[in-house]
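Colleague: Sequence:
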Amino acid sequence: MEGRRRFGRTEHRTVVVSLLLFLQNLSLCWSLNSEEGNGTFAVKGVYDMCAGHAGLALFKFREKVVTDPFGALSNWNKDGVENNPCSWFGVHCSAGKVVALNLRDLCLEGTLAPELGELVHLKSIILRNNSFYGKIPKEIGELKGLEVLDLGYNNFSGSSSSVFSHNLSLTTL
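All letters in the sequence shown, in the order written, are residues -31 to -1, 1 to 142 by mature numbering (1 follows the signal peptide of the UniProt record, and there is no 0).
Treat each hint with caution, since some may be false.
What the hints assert, rightly or not - Okay, derived cross-link-like pairs now, DSS-like style, lysine-lysine, Cα gap no bigger than 27 Å in a straight line: (1) 92 - 29; (2) 92 - 66; (3) 29 - 113; (4) 33 - 92; (5) 33 - 107; (6) 66 - 29; (7) 33 - 104; (8) 107 - 29; (9) 66 - 113; (10) 92 - 113; (11) 107 - 92; (12) 113 - 33; (13) 33 - 66; (14) 66 - 107; (15) 104 - 29; (16) 92 - 104.
As the list claims (entries may be wrong) - For each label pair, taking beta carbons as the anchor points, the in silico distance ranges come out as: (17) 126 - 64: 34 to 40 Å; (18) 74 - 126: 19 to 25 Å; (19) 104 - 76: 18 to 24 Å.
FYI, nobody ran anything at the bench for these hints, they're computed from the structure.
Just so you know, even glycine gets a beta-carbon here, dropped at the ideal spot from N, CA and C.
Between the sequences and the hints, there should be enough to build the whole structure, so can you do that?
Modeller: Okay, structure coming up:
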């Protein structure tokens, strides 16, 4: 029995508690952030595991913001303690799903990421009175449950009518 170590009661308890905490966090992150609702996700690291699909889509949006003078998106990060998108400024959740993005009047500048179209539970996107520019991604127009889209007082170019022509849920544009 040389070279073989036996765990004491305290060590065994520590290992079991650590494993249980890991599994609890895994299931919490999975349920909070699986936008597809099918319970699948890819484990590529702690951020991907806890932020899931919603966090990645929102982080892609964050990467396209080139100016944030008030630091409104400063807690939107991969490495911070708050890597749950439901705790990020301007992100609103219901039943663990991202349902609204409200970042109005913040002088944000940049383009819109097509990945916003992956947030399938979004009901409202309010980006009014910022300095977003470029084309509105067609993927946003494909959000079936989107009811409110307020992009007023920005600098978008191109036609939006073709982007939203098939969205029957949209009540405010």
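Colleague: Each hint should be assessed against the structure and marked as holding or not.
Modeller: These are the hints, each one checked on the structure:
no. : hint                 : result
1   : 92 - 29              : 19 Å, holds
2   : 92 - 66              : 11 Å, holds
3   : 29 - 113             : 21 Å, holds
4   : 33 - 92              : 22 Å, holds
5   : 33 - 107             : 16 Å, holds
6   : 66 - 29              : 17 Å, holds
7   : 33 - 104             : 13 Å, holds
8   : 107 - 29             : 16 Å, holds
9   : 66 - 113             : 15 Å, holds
10  : 92 - 113             : 9 Å, holds
11  : 107 - 92             : 16 Å, holds
12  : 113 - 33             : 24 Å, holds
13  : 33 - 66              : 22 Å, holds
14  : 66 - 107             : 22 Å, holds
15  : 104 - 29             : 16 Å, holds
16  : 92 - 104             : 21 Å, holds
17  : 126 - 64: 34 to 40 Å : 36 Å, holds
18  : 74 - 126: 19 to 25 Å : 22 Å, holds
19  : 104 - 76: 18 to 24 Å : 21 Å, holds
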